[in-house]
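Visitor: In case you want the letters, here they are:
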Amino acid sequence: MEAELTFSREIGNLMYASHGNPIKDCLQCGICSGTCPAVEFMEHSPRTLIGMIGADLKDEVLASNTYWSCASCYSCTVRCPAGIDIADLMYALKRYSIWKGKHEDLIGPAFSEGFVKMIVRTGRSFEPILAPTYLPRFKAIDLFREAQTASTLILKGRMPLLPKKLKGLKNFQRMVKRIIPIGEEE
Amino acid sequence: MSEKIGVYVCHCGTNIAGIVNVEEVSQWAGSRLKDRGVVIARDYKFMCSSLGQELIEKDIKELGLTRVVVAACSPHLHERTFRTACERAGLNPYLCELVSIREQVSWVHTDKIAATAKAEAVLSGGVERVIHNEPLEPLKVPIHPDSLVVGGGIAGIQAALELADGGNHVYLVEREPSIGGHMAQFDKTFPTLDCSACILTPRMVQVGNHPNITLLTWSEVTKVDGYVGNFEVAIKKKARYVNTELCTGCGICVEKCPKKVVDDVFEAGMAKRKVIYIPFPQAVPNFPVLDAPNCTFFQKGTCKACEKFCPTNAIDFNQKDEDITVKVGNIVLATGYDLFNPRRIPQYGYGRLENIFTSLEFERLCNASGPTGGNIVLKDGITPPKTVGIVHCVGSRDQNYNGYCSAICCMQSIKFAHLVHERTGADIYNFYIDIRTPGKSYEEFYQRVLDEGTHFVRGKVAEVTEVARSPEEEGKLIIQVEDTLIGKQRRIPVDMVILSAGLEPRYDAKETGKLFGIACSADGWYIERHPKLDPIATMTEGVFIAGCVQGPKDIPATVAQGAAAAARIQGKIQQGEITLEPIRASINEDQCSGCRICNDLCPFSAILYHEDRAVSEINAALCQGCGTCVAACPAGAISGTGFSNEQILAQIEGLLLLNIDQKESKKVLA
Amino acid sequence: MKQYAYYPGCSLESLAVSYNLANIEVSRKLGLELSEIEDWNCCGATAYFPVDEFLAYTLVARNLAKGEKMGLDFVTPCNGCYKNAYFTNAYLQQDPDLAEHINSALEEDNLHIEGTSKVKHLIEVFVYDVGLEEISKKITHPLQGLRVAPYYGCQLVRPRKNGEDVENPRYFEDLLSTIGAEPVEYYSKTHCCGGSLIVTNRMAALDMINKLLQDAVKSKADVIATTCPMCNVNLEVYQGYVNREFGTDYSVPVMYFTQIMGLAMGIKPNLLGIGKELVSGATMMSFAKVKESG
Amino acid sequence: MNNDDTFEPVIIGFTCNWCSYRAADTAGTARVKYAPNIRLIRLMCSGRLDPTFVLKALANGADGVLITGCHPGDCHYVEQNYKALRRFHLLKRVLTQMGIEPGRLKLVWASAAEGAILAAEFDKFINEVRALGPLNLPLQKQKTFSTPALEEVAA
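Protein chains in written order, with this note's numbering: chain A, 1 to 186; chain B, 1 to 670; chain C, 1 to 294; chain D, 1 to 155.
Treat each hint with caution, since some may be false.
As the list claims (entries may be wrong) - Restraint ranges, calculated between C-beta atoms of paired labels, are given here: (1) B:Lys514 - C:Lys218: 21 to 27 Å; (2) A:Gly54 - B:Arg88: 55 to 61 Å; (3) C:Arg28 - A:Gly54: 20 to 26 Å; (4) B:Val265 - C:Arg28: 53 to 59 Å; (5) D:Arg31 - A:Glu10: 30 to 36 Å.
For the record, the hints were derived by calculation from the structure and aren't laboratory data.
Bear in mind the structure is a predicted one, so any value in this text is a computation, not a measurement.
By construction, the Cβ of each residue, glycine as well, lies at the ideal position given by its N, Cα and C atoms.
With the rest of the complex left out, here is chain A (with noise of 0.2 Å):
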């Protein structure tokens, strides 16, 4: 008799180190949010989020922007009397996202690819390269300032002008593939 697929079922199947994390275990106590220090940016706190994808509320829940807040402080994680770990429940949400497109309103999503597809070229994460990935969608304000830091940091010598590349780097992108299919443009 196989149950019918929930949404908490789908996220928990995201969930491989946590094994599915027990999330119907949530006693909605609330320790989370009231822990969270990213509270008060989040459209639902934590516990109204674990809430809402026990009740099946996909769309809703998909459409917060509570995980893209989640700052992985696992403060909540070592505090849920239910051993559920949130932190870990956040990530899966975010990768389910991911695929599913959700927010291009958000800089998470486009800063997390980037930064990927980044690694899968050159191996290493270097700023010079990452920026073009979200600074499009910050005010013009903001770029000015990242600009001016960025230059100060260049010349206190803490921002090379060359990326660094792994010397095995054909290895390491087939090995990266052996796992997920981007970097393909390569």
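Based on these hints, arrange chains B, C and D on the given structure of chain A.
Guide: Showing chains B, C and D alone in chain A's frame:
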């Protein structure tokens, strides 16, 4: 000579007959198992009915059956019924086997053919097994009329009084200097709010004066030998350094003692006591005890103030611990609980920030006989709080600490809210996950406190901090929490925080359990014989548990268990002797090689080793019949009555239908 | 000379070059050799998991595998890298299926991982492997009177590894007292600095930084000591942003714990990369100087 | 993956009188259904399990043996189920040496309350053994009527 076996297959109305073709089964047994000794096989609507039982009795008398197998429900239900029936007909009850074709066949299977086949196999297993059954006599052991109660809290007090009033002698052992337990520390009791001490102390005094009670305070059980009806218990009476024969309890020694130390037992660390002290005014017995490790005389060899001023020369610095042994028939374990230590939750600030109290500390704080004379004030000793936060579920319902619910914290916290309201008129916030008030007039009490205007905020407190983020938070304790009912993050500044810490098994519960041969659950509470039908007995005959040792519970439930345990023991004492199921292991000395492998295997130390003859022997009354030693004995010298190798091996053959023609068995197996 | 497989992480080649210098200098003084893993790759920080869980493990595993090959404990000075490495290593150890899956990818790079090597943060190496005892012997210029706010950050202490105190750890304080400095008690020492949000949710991040600086200042700290390049950059580079945003006037120097240790060991500031910061460390350097002249 | 579809394994289950046997009862009372391939033997405790019982069962035609007992820490005889655990691991090795798939032996903890769980474990194990196919031991070929049990009665 071969056995004459009677087989009886029960329809249990349609419960069995609905799925299993009972007629076929009985016919099959009659024909296929004939050469295994089955002389008669019947099926009947209700074997357990008096008519059904008479059927068996008649056959035993007329056909001279030597063995009986009944295929019906679970042996846990009717084994005794049919065994008594056999007994009435003059057949040793242990020559009757009951095999379950209801719980384990008709109720769990749907395919009639397969179910019938399995029923036949199960029956054949029973037949093979019963052939090897031996006539057994139930063991009878005399019951010593005296009893031991361990723990002088309200559970132990209740048990002791019930037994003593019943005219039996009781030894009540308490490791603290006075009886009374946690209840003596409380101020009011929920939901009736009667003063804890006022209802407890009369009982304590009764215990003190009762002719049938030997009160052994400042004492601990060190060794338990023997078995139900005949325990031999070694008790260490710790040196009091006060000769209780001479002491009048006048208290001058306490007065004169120049040294004070923090009292972290009775006053929960909220006040100091002298080094020679009487734990609290109403203590029973009312003799002081000298705390040697802290005593100046024991440290420096001078002082002796207490001795100098004692009018009756009762102080005795040379007193030594004394070991005594008592014989008892039954034991009640009522050793209570420990309070969860909130230091384990650093984010709640306990021990780091001022004015954060545990539930027990608060009980002392608002207790008229407590450090502040019952004034609810901040640590400075004068200022009453304007706002108080009460945090529920501290250390309970939390996988990081204790997963279980401590049962009493909700009511306790609501009680605190009322007391604070009554005495200070402060603003009160209760922070809860769920409110649990399952008791007589508990919910009404909750309503009353709601009515008093206490705020109930649904949310598990994230942290308690002194770091202000706004002017109105300055100098306060800030409780950070999500108000889950309105979905808002709140920072609530308060003057005082009370942490309703959960209940935990005693730190040494495991060792104590070992001492008495009883086991702890994963949570650490003692395991009862049956969670619903026998919550006060344990798997060790003659050892009972009462109160919080069995799990968190409130005072009424605790008292009820104390009384229940006493009643159970009373009954046993009345019988004078008790009969034990003769399922026991025994060692054939000729086969025993004296390897002693079995010795350490036995959790009830029922196996003793005779150095002289280099053989081991099993004490039938101590043995609980688990059979581990039987399975382990390399020489096969140990046999278990009721579960012998022969019986089990034969049953295996029966179940696999080795006992009948192969072609046939194939058909049945398929 | 005890050896470690050293994984600096990307930032130590750019934003946190000084951290790298300090780490190597101080380790040498303590008789440790940090032999850098050759041709390591980025561990993905917090940006891989949102894309693919297994990819994240694989990229971390590549570095771990190289470390395993060297037969040395894996040590990193970055909280993010540390958390990724520690748990990936643990998962691979516990879960043969995962290990198999990951190894099938590692084959492409002729690597294989068992998950057998130990993963440590540099500060743990100092406090537990070397020991405060040993460190104190190397202190030539104790930083008397220097009030340091130890900042653990998130991923150094969380998630919980094995029952350690994640709410109120003490070892950083102990280390600071050992080098003669004065660790200050302040509320937010393990609170999040919002590092992973600074790009994606700037306001949230700045708010967290603000709270943190607020507490540090309130506790009269001369300097904040960090154990992570991300935290450091966040607290230092973005201090100006916070001031602009909240009208505050913070100018708290933020230093790497190894830089501060280095000063106490009498290592020349420039060797420790001091001088590259945007918020001048002058106030705290005064303490170090006093010592050097006296 | 079962090569012979008509094959129905026969499984002997050893149960503890205090937990798993009662769990089986619970399953009955709750009318939880499971395959009829398993036949239970009641012991007082999983600690009573003599390794020869398992070997005997397999030698006499059982295709699999299930050992059940109280959860660790819950043993009604304090700690005897740990001994069962030890013997289980030992038996696994013995079976492997004898060339019998160790998968034919399984250990399951079940408290008296876990009827449904135990039933599910029954089905799971039955399917596992079904997948392994019939156990054909040389000893099994010459099954005879004369077992110790018989001789005694004859005598």
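Visitor: Can you name, in rising order, the numbers of the hints this structure does not satisfy?
Guide: Structure breaks hints 1 and 3.
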